[in-house]
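With the hints as a guide, dock the two chains, each given alone in a separate frame, to form the complex.
Here are the chains, one letter per residue:
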Amino acid sequence: MRSPSASRAGRPPLPGHFDDRLGLLRYAVVIRPPSVSFHQGDFNCSRLLDIDHASLGEWSAQVAVVELGNFVAVVAADPDLARHAVRRLRLHWEASSALADVAGQADRNEGENGSTLNAHRPGTMARRYGWPNRLRWGERAGWVVADVLPTRASLWVDTATSDALRDDLSTLLALAPAAISLFSERSDHGGLSLGRLACDDAAADAALISRHIEAPIAIWLDADYQRDVDALGLAETWDVEASGAHALDAVSQQYGMARHAPAMALLLTGLTELERSPAPASRPAESPYRRANPVVKVGDQGGGSDGMRVFAEESFLDEWSRQQTSDPLELRLRHLDDSRGQALIEAVRQRAEWRPVPTSGATIDCSTPLTGRGFAYCHLPDTNGEWESGTRSAWIADVTVDPVTGNVQLTRLVVGQDAGESVNSEALTSALRQQLLPESSLLLRHDGGIDEWGDPTVTPRSMLPAIDTLTLNTSGVPPAVTTDALTPGGVDSGWVDARAHFNAQTLAPGTAAIANALCDATGLRFREPPFTAARIRAGLREQAAADSDQAPDFGRRPESTLFGTRRRRRRRWTSAVVASLLTLGGAAATVLPWKASIAPIPRPASDLYSEAAIERGRLVAEAGDCAVCHTADEDGVANAGGRAFETPFGTVFSTNITPDEATGIGNWSFGAFERAMRHGISRDGHHLYPAFPYTAFAKLSDTDMQSLYAYLMTQPAVPSRSIENDIRFPFNIRGLMAGWNLLNHDPKPFTPDPTQSALWNRGAYLAEGVGHCSACHSPRNAMGAEKRGDDYFAGALIDGWEAPALSQLSKSPVPWSESALYDYLRTGRAAQHGVAAGPMAPVVAGLGELPESDVRAIAHYVASFMPTAIDAAQASDLADEHVALTAAAPPGFDAGERLYRGACASCHEGGDVPVYSRAETSLALNTNLHSDRPDNVIQTILDGVVAPHSRAGNAGDMPGFRADFSDSQLTALVSYLRGRFAPDQPAWEHLSERIGELRGEAVP
Amino acid sequence: MTDSIALRVNGEMRHLPLDPATPLLQVLRNDLCLNGPKYGCGLGQCGACSVLIEGRVARACVISLGAVAGRDVVTLEGLGESGQLDPVQTAFIDCQAAQCGYCLNGMIMTVRGLLNHCMRPSREKIVSALNYNLCRCGTHVEILEAAMLAAELDAAGMAPSEVE
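Those sequence lines, one after another, are chains Z and F.
741 is the number that full-length UniProt numbering gives to position 741 of the first sequence; each next residue is one higher, with no gaps.
67 is the number that full-length UniProt numbering gives to position 67 of the second sequence; each next residue is one higher, with no gaps.
For the record, the hints were derived by calculation from the structure and aren't laboratory data.
A few of these clues could be false.
[Unchecked claim] Which bits of chain F does chain Z cover? Going by a derived footprint, with three or more residues having C-beta under 8 angstroms, they are:
{"hint": "1", "segment": "62-70"}
{"hint": "2", "segment": "110-118"}
{"hint": "3", "segment": "129-137"}
Predicted model only: the values in this text are computed from it and were never measured.
Don't be surprised by glycine CBs; every beta carbon is placed ideally from N, CA and C.
If we strip away everything but chain F, and leave its shape as in the complex, we get (with noise of 0.2 angstroms):
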């Protein structure tokens, strides 16, 4: 373990001298104080834990840290610019989709990763992107219309204030 392993978290580079077989999850969590990223299931079931990775949506509790060596990973601080969040961040809190909140930054990334792939997605499209979120107090109407909102600002490109 004498070699580091590097990669992009948020922007910018870090060296870690961490056994490559640790689960991103908790290199984000716990070396980097990353708590965006929830720990749910640790099976990849639940989506608690995504992130983004070259863009893409992904669960940190099934990945190792060795195979996102040299990668770009986004966690959800990492989401918007400073003092201006991403249209996602914005759409949940408009919508006030969030009971306990637990689920949301799976909700709010597998959203991002989806827009970030597709300009105006479809409900059915949506429903199908979030199919293997889980949210078990019941806030899945919100978190829909928040997501439908999200790709809405997104499309339009449009500060939030604007589109207030």
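Pulled out of the complex, with its shape left as it was, chain Z reads as follows (with noise of 0.2 angstroms):
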């Protein structure tokens, strides 16, 4: 499908220090069991039953399977060949007992809702929040490579909590921790994180193999780690009830039981013992609030690290005293009976101007960013477990949050640090900003990625926010508590379980600071990390349905309140429910030949959308080529439809997609939206044909798909006929579409390349997703599907046109170069090509809209199929040699010639004077005179060129001569044109006849 050397060339670099001077380094890709989970300490995946290693073929003497208990990976010299043999390899696994895995989503579900435990009885509140094993698969994608002697070990893997990896690395490989070097190209980790990430199972996967093979091993760390993350779910939970009915009474917690997950290696080979209790903790747990009467009370069995308890106590007291419209700082004030901490707390509140926020009434306005601020304290034994003279801090964090894309900025952080006489406040500074930072931006950094729009080297991702630290001086504190908090592995762990990673005390409260910021700026409350946007934004488009659902007779948007009402939570459980119920219709959409309607909705109201993600949607919409189809020919409304498709098995119109309500989608939901892109199903359960390319727009990332029904939805409604389509028996029968899909159709979102380049697989999203190149450029089968393998890209006819290969098989006479494709994408004109005409000369219309970098990925990925043998040099004289072999014009075709001469030659002929009108391009160089089909000539001459597009200096439009040539006219020209513009390809036959149909299929 792609040609092998630009798979080469786009390799991303093996990690620096790596040297592989010998050639030794073997690339693996392991093999997950297909249900695995972890839960309360009980681990339970699928059991491998055998390998069928005939399944590999000729690759077998190629490609090593490593098989350890359940533990599979697939190695061999080469990473693609690794990774097309896991393709190959087929593996029979024993089902796993499904229980354990519903368990585990349990887990999960309650964590996320907010379970509440006696939350009936009147006066009590109970909450559960989780901590997860690991917070998510890495900081960016790259190569983990491990490298196992029998006496030591060497990884190359940026870790965040080496000590971690370093135990999991001793049991897996029976190696003493001295003798594992971890080399980390960042330093500054300093031993502060919030929680392993699963980079570390990465890197004992390849230990693993490494230790096996005998060789090096590269294994590449990327989001296909998360199903890890998914899997392992959550290390420490923690339960906190109060009680109390309009003040806080008394609080209890109780560390609920959950596990450390070690390396994923470790439980899928059984090398590890699970213990079934958590290490027993040699002092309980404490929590500063403690005023003689309301009481916090901390469950005797202590257990769980105290990091974990901050997020806990933080973040449920901050919802405590939102059901109670209190003012969340002075709670805690009212509770603390330790001065040092109340003169901090007050000293932070002045320092950041905290005034108390109205906790109800608000109101989201979905246009705008949201704002909000949270406040979370902390008070931590010093390392000689001394409660008095530990360290109190106190935080208040601002955020912004896009409702859109659910994308959080940390605005500000105001911290203060209560640390004894000896604080040098620029280390603070220096310390937070190092190693705060990072994990704060871990924690909500946008994940980025392959449906990023624009350059992401000229706009920022993320604003640093403005970080402002105090210290108060409070006499008779020994610096060795700051010490504590700020040197790396300077944390006395002796109490906490060896595993439990959760060593930054430092940054715990501001992970609840800023869980606190968000339920202030969106209404939701989120009790595990992390804060991903795709959680912010499911959660707010689940707000959202309930507001516009709550009250649809008196106005479109209705007001929404901050925080639930008993009714919102109905609402959202019911929406869960039919979340879920839609996610099995999505999986079974391809089996039944019938499916549901999805609910008519009142058209969503204008203004619920940001301008961002309107513009966003623009953007999809364009390089998507929307309104290329549907719009009428003659004077047809952009997007209202009508216009005809005439394929193999009849005419089919395009239908309107302006939010007209009755006649348009106005009605329709986002999921009925997505339903259609994805599926190809429409609102009301009818298939739709293929001519609408679901097959490729299945491949948008949720956000572009959001974004896109955001512009569809704020653009004018526009009312239309709709026309039926004349389709031929049998394939009227809508139905049979299902067993199409079920062929031919494959609706699995956009997975990038991780041995090609960010720019390839950009690209790659646009070209195969929203662009959907290959609907018009691949060559369809007998039941109208799109071809792949080798004749992907291979051309095809559409519309009375050929859309030319953009393979190997391209007919051009120079050969096609990424340069020259992204000069004909951008401006409509390459110089040794020509110019965008026909049913391209829209989409680059379009394409003008994009940003450059975006242009130039998908010139880059289209070119990767193209044969590049010559530069741009040798292609300049290619040129040239064929404009020279053509300057004449061979015999017996006066006729022709003579026609050329009177209409074409004022344009097509090069002069010595420049002419701002004349066609740039020699006509020896145009690939459709080489074609092996005479279409997109004939519908040149006939209709002309029109170019909307002209960002080229010198773009004339070119005239149509359907009403002054006749058809023996046309013939004699054509013929002229090709013998001599391509000498070298054979006449065109039935030339005349082609001219006749052309002339009567194409609309004038």
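What follows is the structure in structure tokens.
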């Protein structure tokens, strides 16, 4: 499908300092069991029964399969080969007990939705908070390399939790921790991190394989490791319960058991003995809020980590005060009996200009960013376990949330730390900047990736918050406290489970402060980190859906209150059920011929979406050329539909995609829209024909899909007359499309190719997804489905035009290069190829709206399919040669030549004088004249070239000659053009018949 | 069509709230009342509609308004300065190079475009430049003579009276 040279060129570099001079390095791809779960210390996964080595076929000589318990990996000298072998290798797994899976899910959901233990007892509130075993898969995609020798091991991995990783590797490899060297390109972890990342799992995978194969192993770490993050579930849970009718009377906390999970490789190979009970705590956890009455009681059994407890407690107090509509900061002050802590909170309150915020009745205006601030306080014992001399810190975080993308920016942070006289505030600031901010942005960072519009190097992705630190000097506090917080590795974790690497006491209240600020901004409560954009987006969407259902009768945009009423809560539950049904429906979409209708909704208000979302949606629509197909040919209103498409199965008319409720998509919910885009099923449940390229649109990212919906729904609604399709029997039975989809449609979202560059992947995302290039440029099989494999981009006929091959099959006299493709797509004109015409002209016009980097990405991707053996100078020579060869007309075309001289030469013959309206590219270089088919030449002469996109200096429109030439004149002219400008190609056969057909077919 | 298209015509900025697909010739003649450029074939074949865009000759009937957004367009009316004809115009008057005169706009603009590009063109070069400008009433000899005189006047850079 793609040229091997392209995939090699784009391979990302191996980690620095890793030296593979001996060429021993092998690449591995791990295969996880289909079902894996880790729930409260119980590990459960599908058991490997058998590996069908024969399924590798001729590759079995070049590929090694590592099998250790349920751990499976494929190793090869080339990463592409390993990846392809994984696809080919057949494994047989025994299903694991489904119950455990469900339990793991329930564990997550409880944390997510705030299971309300005893919630119905009046005056009490109970919440469960959780901390995941893996925060996310990693910081960035890259190679993880392990080189394991019998006596020592070296790993190149950017781990944030080196101690825990070293422990795991020591167990895994039966080596002393000192024999394991970890090389990290990041030097500023400093032992401070909020939790483990799945890069540790990748490192353990690589180490295990390396020991087995006896060669250094590289594993690609990327979002695929998210499945480990999901499978490993929660590391800790805390249940917090409070009572009190109005004031807070008593709070009790329980360390709800969970288990810290070691690296996945240990679990899969069974090399680790899982203990059933948590490591006994030598000291019960303590809470700073212990003023005699009311009281905060911590469960007797202790356990868990301080950081987790601070997160749970500080989140809970915020929830409580919001429910009571009291000021969360005041609540802390009331229940604190520590004068140092009170002074610190006061100081921070003044520094941050904290004002009691109205906690109810506020409205969310979805067109503007949401802002909120949160408070958290923390008091931890010093290294000797002494409580009184411990560190107090108070945090106020300000966040801004984009309601459409869910992106969070930490805009300001005020941190007060009470840590004695000897504190160097400069060191504190720098430590916070270096160690806290990367972690905060780790929690909050937008995922980025292939659906990022615009040039990421130009647009700053995140803003550094204004950080404000405050140190209170209170005498008599040993400086050791400060050192404890700021010195890497200085934490004595004797009383904490050795694998509980939530060691960042300094960072713990920050997590709570941000969670509280997020709740203030959005009304959504997150009881487990990380706070990803996807979670925030999903929460907001659910909230918006509940809101718009709430009062459909009076106005389109009911005001929403910040904190959920009981009604809201019920709604949320209902929509969760609907969502899960939808998912089931989506999975079954390819099997059932009949699809359910999705209930119509009132058209979403035009002010529901932010300008940023609408603008992004506009770019998606331009890249997808929605309007090209959804606008009727003659004086059609943009997007109102009605354009006819001739297919081998009959005529299909495009539909109205303006938000008109009666004839357009005005009453389509996002769910209905997304289903149509990804599965080709209309809102009312009928199947759409694949003339609508949902096979490509399925690749759109969620964010782009949502933005596109936002854009389309905010355009003017235009009523239209619906036109019945004219499809022949049996193709007019739409239910048959279910079978078609089963055979031809892969609704999987786009997955980037890790061995390719970011530019290539961005181009692939645009070209394969929204740009749907192959819908025109790939031939279709007898069922009307795009052919893949070698036929991908092999060219096809569409709408009376030939979409030329974009692969090695291209007939272009001068081979296309990446820069020529860029010029063509950006300006509509490539110097050695000509101008965009016919159905491609509006495509280029649409691309003109996209950021330059995106057009470059598409050109880069398409170029990877073309042979680019020659450089610019060679191309130029080749072009000159072609032009020179065709300077003189061959004999025997007199009639054609006369017509050419009179009608064409004034623009198409090069003269000595520069003429602004002259066609700059010689016809000798025109791909259409070298094609096997005369279609595009005939179409161009009949109807000319209209170039609305003329960005290039001198792009004149070519007039159409439909009314000026008879069929016989056209035949003479086209024969002449072929004979003169493509002398190496045979004359076209059946030319006059084709001219007659196209003249009849094309719309004037 | 709410956006207007800005371009400079004969030195003056114009903001035209028109469909960018409108042929430039139609805009010049109908909207700006500049009737120097003539409507001949409408297919870019005869050259009667020629204007100068960025100093280069162009056939206004095949150029859309959108394609000249932000550009400098000069029509026959914009040649020369107030009270002083362009040397090319002077030469055509001096040689009486018109019979029906319909093609003359194109001839003059094409010669102007040629002279903008090349100082002392040979006769062959002038013939080649005017090759695709059609004259139906047979004034070719005079036109060619005028074009050669124009080249001389232009090169001399002198006012017509001084040449006389």
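>> Name the hints, by number, that the structure is in violation of.
In response: none
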